[in-house]
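The residues making up each chain are set out below.
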Amino acid sequence: MTKTISKIYAGLIYLFLYAPIFVLIIFSFNDSSTMSRSVWSGFSMRWYRQLFQDRLIMEALENTLVIAVVSSVIATALGTAAAIGINGMKQWKRRLVMNMTNFPMVNPEIVTGVSLMLLFVFFARAMGGISLGMGSLILAHITFSLPYVILSILPKLRQMDPHLYEAAQDLGCPPVSSFFRVVLPEIIPGVVTGMIMAFTLSIDDFVISYFTSGTTQTLPIYIYSMTRKRISPEINALSTLLFGVILVLLAVVNIRQSRDQKKELEREGA
Amino acid sequence: MKSKTAAAPYLVWMVVFILVPMVLVVFFAFTDQSGAFTLKNIAGVGQYSNVFLRSIWLGAAATAISLLLGYPLAYIIAHSGVRRQNAMILLVMLPMWMNFLLRTYAWMTLLEDNGIINTLLAGSGLPKLHMINTQGAVVLGMLYNYMPYMILPIYSVLTKIDVSVVEAAQDLGADRRAVFSKVILPMSTPGVISGVTMVFVPAVSTFIISKMLGGGGNLLIGDLIDMQFLGSAYNPNLGSAISLVLMVLILICMGIMNQFDEGEESQGGMLL
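Residue numbers (the numbering used here), protein chains in the order written: chain Y, 1 to 270; chain X, 1001 to 1272.
Calculated directly from the structure, the hints in this document are not laboratory data. Don't be surprised by glycine CBs; every beta carbon is placed ideally from N, CA and C. Among the hints, erroneous ones may be present.
Unchecked claim - Under the rule of at most 35 Å between Cα atoms (straight-line distance), these lysine-lysine pairs were calculated in the DSBU-like manner: (1) Y/K3 x Y/K262; (2) X/K1128 x Y/K262; (3) Y/K263 x X/K1128; (4) Y/K3 x Y/K156; (5) X/K1040 x Y/K7; (6) Y/K7 x Y/K262.
To be verified - Ranges between beta-carbon positions, derived for each pair: (7) Y/G172 x X/N1086: 43 to 51 Å; (8) X/K1160 x Y/Y18: 22 to 30 Å; (9) Y/R55 x X/N1086: 21 to 29 Å; (10) Y/L249 x X/A1174: 21 to 29 Å; (11) X/A1174 x Y/Y9: 20 to 28 Å; (12) Y/Q159 x X/V1163: 22 to 30 Å; (13) X/N1086 x Y/W40: 14 to 22 Å; (14) Y/R46 x X/M1254: 43 to 51 Å; (15) Y/R55 x X/L1230: 42 to 50 Å; (16) X/L1039 x Y/F122: 43 to 51 Å.
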């Protein structure tokens, strides 16, 4: 009895979560003239064709990918070094730095966006050069991804035997190569997770980009202007494609994770 | 590892891109256009108290509803078999991976006066409902976008509750209701608290959902800030003052929430 009720309940919540997404996907294949978003008039791929011919969308996509790649690589490098440094800190100092790290995650995004906008505009005025654009977007994206990178690496460092690094050095391995040959292999799952997280956060970000982009278009910013200006089923086609990409990415991450878990289980068993 | 210098670039980064910008917000909030000290901006925030109250009210409503709807689901998931659990949690997270502008846009399609819900209603002979551009639509948008943030932390706390504690309560004669209210609910408070903050903070500071689903009439704090920085009412000084008040408000809320959480050092609890 209670089992049936809980099944129905879960089903209803999932219906709530997925109904809009299915509606988007179905209507991306709708062969309608632009005005109606909700009358079905036959199957068509025209919005997909139109999507790929839209130069502005393709440009926005390119910007988004460039920003995501550059910012996630830099954030991962900085964040890995930071996590190692934080891991070696004394109690009170670590707590201070961790509080600072958590701050951008609890601060409302809009405030972070506005504060970065002030910074970029203020310095552009003072130095008479760089203003809002690709550069400021990349800097902003690195800033909001860093905490997530650090938080995904720190647990791995804590699990690691601190003597491994010392042992490598005792055996005559110089610090840099003992990092790459001993430490990095131990924490690599955390590093990769952090990088994937930084990448997806960057692709998905709207609020902070909105305030730091100037006239540069990223995909979320373009989507925003599309929803503001006109009714276009191209958005539906775009969402369907993005959803497909996300499904594939998620499947890859999940396979990785279950492989990791299996490895860990094997290691514990051995 | 003695690698204290490894964190140095990061510390510099945080100072330049987190601390300095925050100082700038405070600076702009307390100065006028010429850079002279003034309290005019902070005092000016007072005239928008109705907007603040509306944001808090709608954000709190969305948070309360997502707790009421999300807790049972988290409970159901936590008590399913392992394989099923993973699938169900993945299904909760999946919509979060879709751009939230698109998710909100989807609701526009559904809620419009000539939208899908109304088409269905008309098709089955029922009267049409006016849903878009109402406060209800804004709360629905918040609920839809942020409910996963409520479900995930509650779920992760529920799965960590030791079964033997529940069994002990049952052995001592507690019935189902007592087990829930005396054991499970108190032990899941940390999850509830992080869920509540993770829903309330973005909900109260949103400006997209109100714009897309609330029409022009349901201005929220986020819209106000947007207007001062990128909109018609360009005034970064007033905008900074509003941002500062919003930030302080949220820090106070979180401080109060943390009072309920007995000093457990939270790890952020972020799930990918």
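- Item | Earlier hints that do not hold, by number | 2, 3, 4, 5, 9, 10, 13, 15 and 16
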